[in-house]
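Undergrad: Protein chains in written order, with our numbering: chain A, 1 to 532; chain B, 1 to 193; chain C, 1 to 364.
Hints are computed from structural coordinates only; laboratory data are not their basis.
For clarity, every value in this text was computed on a predicted model and none was experimentally measured.
Check the hints yourself; a few may be wrong.
Simulated DEER-style distance windows between Cβ atoms [said to hold, decoys possible]:
1) A:Pro521 x C:Ser67: 30 to 38 Å
2) A:Leu70 x C:Tyr108: 37 to 45 Å
3) C:Ser67 x A:Phe30: 46 to 54 Å
4) C:Asp268 x B:Val148: 49 to 57 Å
5) C:Gly350 x A:Ser135: 32 to 40 Å
6) C:Asp19 x A:Arg27: 51 to 59 Å
7) B:Pro104 x A:Pro127: 50 to 58 Å
8) C:Asp163 x A:Val71: 21 to 29 Å
9) A:Thr427 x C:Gly50: 29 to 37 Å
Don't be surprised by glycine CBs; every beta carbon is placed ideally from N, CA and C.
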Amino acid sequence: MATVDVDLPHVKDEDPHHHGPAKGIGRWLFTTNHKDIGSMYLIFSLCMFMIGGIMALIIRAELFQPGLQLVEPNFFNQMTTMHGLIMVFGAVMPAFVGLANWMIPMQIGAPDMALPRMNNWSFWILPFAFLILLSSLFMPGGAPNFGWTFYAPLSTTYAPESVTFFIFGVHIMGASSIMGAINIIATILNMRAPGMTLMKMPLFVWTWLITAFLLIAVMPVLAGVVTMMLMDIHFGTSFFNAAGGGDPVLFQHVFWFFGHPEVYIMILPAFGIVSEIIPTFARKRLFGYSSMVYAVASIALLSFVVWAHHMFTVGMPLVGEVFFMFATMLIAVPTGVKVFNWIATMFRGSMTFETPMLFAIAFVVLFTIGGFSGLMLAIAPADFQYHDTYFVVAHFHYVLVPGAIFSIMAATYYWLPKWTGHQLNETMGKFHFWLSFVGVNITFFPMHFVGLAGMPRRIPDYALQFADFNSMASVGAFIFGFSQLVFIYNIIQNVRVGEKATAQVWEGANGLEWTLPSPAPYHTFSTPPKVD
Amino acid sequence: MQESVKTKRLVVRLAASAVLMFGFGFALVPLYEVFCDITGLNGKNFTQGPAAITAVDRSRTVKVQFVTVNPAEMPWEFKPTERTMRVFPGEDKVTAFYAKNPTPEWMVAQAVPSVTPSEAAQYLHKVNCFCFDRQPLDAGADTEMPLVFVVDPELPKHITTITLSYALYDLTEKDHQQVTLRSQDNDKGRASL
Amino acid sequence: MSKALFLALSLIASPAWADWQLNMNEGVTALSREIFDLHMLIFWICVAIGVVVFGVMFYSIFKHRKSRGAVAEHWHENTTVEVIWTVVPFVILVGMAVPATATLIDMYDTSEADVDIQITGYQWKWRYQYLDEDIDFFSNLSTPREEIVNASAKNANYLLEVDNPLVIPANKKVRFLITANDVIHSWWVPHFAVKKDAIPGFINESWVNVEEPGVYRGQCTELCGKDHGFMPVVVEVKSEADYAKWVADQKAMKLAMAGEASKEFSMDDLIAKGEGVYNTACAGCHQPNGQGIPGAFPAITGSAIATGAIDAHIDIIVNGKAGTAMQAFKEQLSAVDIAAVVTYQRNALGNSVGDMVQPSAIQK
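Excised from the complex, chain A in its bound form (with noise of 0.2 Å):
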């Protein structure tokens, strides 16, 4: 990332015409802030975190040990599929965008982000098409059984009433996710600072660049594969149908092309804070950043080409599981890349392990761990042992719990002294880091075991061999799921009291946003900034 030079010794709100924010409800309502509109979507990811949390503990309650103790088999499945619902497109995605919303326009130079309006809509469809799909869990026949990947026909012919609500509230998430993403492109490519090219562009930006562009290419195809079902549900359409001349293997087909790139667009924001952190806490330059750039780039353009790599079961002749394995394995190269350059950051750099970079840290080696596991999948004859197991289970977490989720609490941790004008209380930081560490590994790592040793997933009860590592994991997922009460904590304590944070927070930080005061003024670059 470029080091800028800002010729503002601090600035501070100059306009005239901008008040401070609106009182009362009407504020949140009605705000066009993207510093409003950010926090709003974070605060909404993280109560959706908590939902979708209290449901993985219903699940690992159930799994501490063999027979059916707590739930029916029926609402177990509600409870995997609504969670695997809830932590993708309530929890992870929006926490993204409430990142980009605060950061990007802070991070370019720019005053808010290009379309102001629609990005208060595109927030404020969220919670009420969550409202739509959580209510499902009290309609007869109870919520989406079926799994987050609700594969035909048992989403379609045998699916319960409230089917029909799951796919309006994928219509409207998805809708979200659009305009967040046609906003996010337009900030980003008109609204840079003059002398902000694109290779000096911080690569938080870069990476949620290119994964807006994913947004637009696979979101629509969402809506599509939805809007086939409810066809085939409610207007006697054939799409998945065998009876009328459908394929229920079209549907994993589409529901792939979207669903192999929308795991990227879970990663790839993630991997711009983690570019961000390390070189602040290193006090060193990202290593390699058109390389960081290149590798996000070809990790996206390849994400297209590799969805089958989910149906190495399903019939596919040899030919075509020749291709997924291959296209597959390819994506270990550029994602290898961005590993061995964090590390070069660090290595002769001049460290400080304060609670972003631990998080970061662990990501690193935590989110490798899950690429390994995931080269392993990509091996097709091999997968036909791993596929529907448990395998796959631990190595989806290990990508997305320590490595996205982490990810978020990193950056959290890093731009909270920027949003509330407060420096971090490092010990309780720290203190959510290590139970959150410790939990996460003891939740997902005997994962791995059960899965190998022969555990299928979505399951609510187990042969007996299984229950040890079960019983070690559900014990992990309490403690993991406890922890957040701390972050919860830590976060309502930096919004209401901590030692005054500079404008810079962090000694090694770098940045058009580390420029301004803490907290970040209600409006901020209303004048853009010079850039060399």
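Using the hints provided, position chains B and C relative to the given structure of chain A.
TA: Okay, now just chains B and C, sitting in the frame of chain A:
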């Protein structure tokens, strides 16, 4: 301002891309079919109608197996009259499938074929198949439904067994909503809806 | 490999399940061993890469910290190094892709099989039809409900046992033709390294050649509804001679069952037999006490059908009810079983209608 014009244009283009990708999602349906047709990847691209095959290859035999499946709620009896046939590639063969409607009502069924291994599908010519048409049966009636087929001599040598499966679906309700047509256009046993 | 070593290894890789099992089973076929070896190869390569990469990283965390007086150097490019760490991983991947592709090709073997078996996934059981014999049966979970609801201790094969296992001969190529009746299921036996999706309207194939007789257990591996976790796969691999005997026994049993269907049974016999049938085939939805699940599955206790005209009661079991989850059981249950379960439902579970039906009255 220049910037807002640029922005507006960009936003329109991005929104148009989103709409295009929605269309692309739907286009994946025929694209998938075309792709499967050309490559035979989903085991459903049998050719239909008379095959322009002149020579019979008597240097090898291919085992052709017939399998039937009754999907949920289809009460008919449905089974092949011959389970296995050994055929010479290029030779026209005839077999039949037995079906009986044990219910007290007239019903209509549609057989949906599927072949494994999928590479073999394009070499299996169905000259005439009961799966081309809907099959009506009166209450309590039974019938033998014919299949005339030929295995293409171009079938790769490493394939020695082909299994042809039929899933028999109940289309009685759907049929009541439409005129029953005998349709040679029924593509891959697809019911027109 | 010497015979002794082989024996020792086969003990380690024995089909017995162990608690705290860390790794995949080597399995009992040549292909499963090939897959296991490939899995271990990739695993060790990942471990090696991890050791190197994390080693460098932890070294750096230890040495290059400000508290130790480290001063940051100021380089951030090095094209040579970047090229190296792009090319080297690529080469490693090619090294992995070669054995992986070879194993995949081995999996797609199309040589002619000795035995062909059609496997159909149902909600929530498997159906096995031997294409060259007149053998056709369903395979249901046989773990007693009391064990699942923690009313009694769980036996060693909890959730991995069935009433009628699939039986195949050892050292023969057995080909599976896999499809489904309703939703997508998936048939998996870890010791065979065979997993294939069962897709309604489509036929898939897989094959196995098992070297060691024994009992091998697996599960459904595609979410298929409520009892996805309760439809195990059990395969008994018998020596060629034992298999031939089993086939002959099946034929004899079928004749005997046909004979049974014309026998007259006492009410008590029917009820006793019916209880077993009910617990296997009905209790999953209608519950062991016949109360059903309100809103989802109707109760048998006091139901209009179970206490009303016996013909309608028989019909709904034989032909199911279209548009609902009530399957047609005529293929799954023999005439004797149906007569028994009808009699049981009408005279137990809180009902006391007092009538009964003989197998000869069941028309399928």
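Undergrad: State for each hint whether it applies.
TA: Do the hints match the structure? See the list:
{"no.": "1", "hint": "A:Pro521 x C:Ser67: 30 to 38 Å", "result": "35 Å, holds"}
{"no.": "2", "hint": "A:Leu70 x C:Tyr108: 37 to 45 Å", "result": "44 Å, holds"}
{"no.": "3", "hint": "C:Ser67 x A:Phe30: 46 to 54 Å", "result": "49 Å, holds"}
{"no.": "4", "hint": "C:Asp268 x B:Val148: 49 to 57 Å", "result": "55 Å, holds"}
{"no.": "5", "hint": "C:Gly350 x A:Ser135: 32 to 40 Å", "result": "36 Å, holds"}
{"no.": "6", "hint": "C:Asp19 x A:Arg27: 51 to 59 Å", "result": "58 Å, holds"}
{"no.": "7", "hint": "B:Pro104 x A:Pro127: 50 to 58 Å", "result": "54 Å, holds"}
{"no.": "8", "hint": "C:Asp163 x A:Val71: 21 to 29 Å", "result": "27 Å, holds"}
{"no.": "9", "hint": "A:Thr427 x C:Gly50: 29 to 37 Å", "result": "31 Å, holds"}
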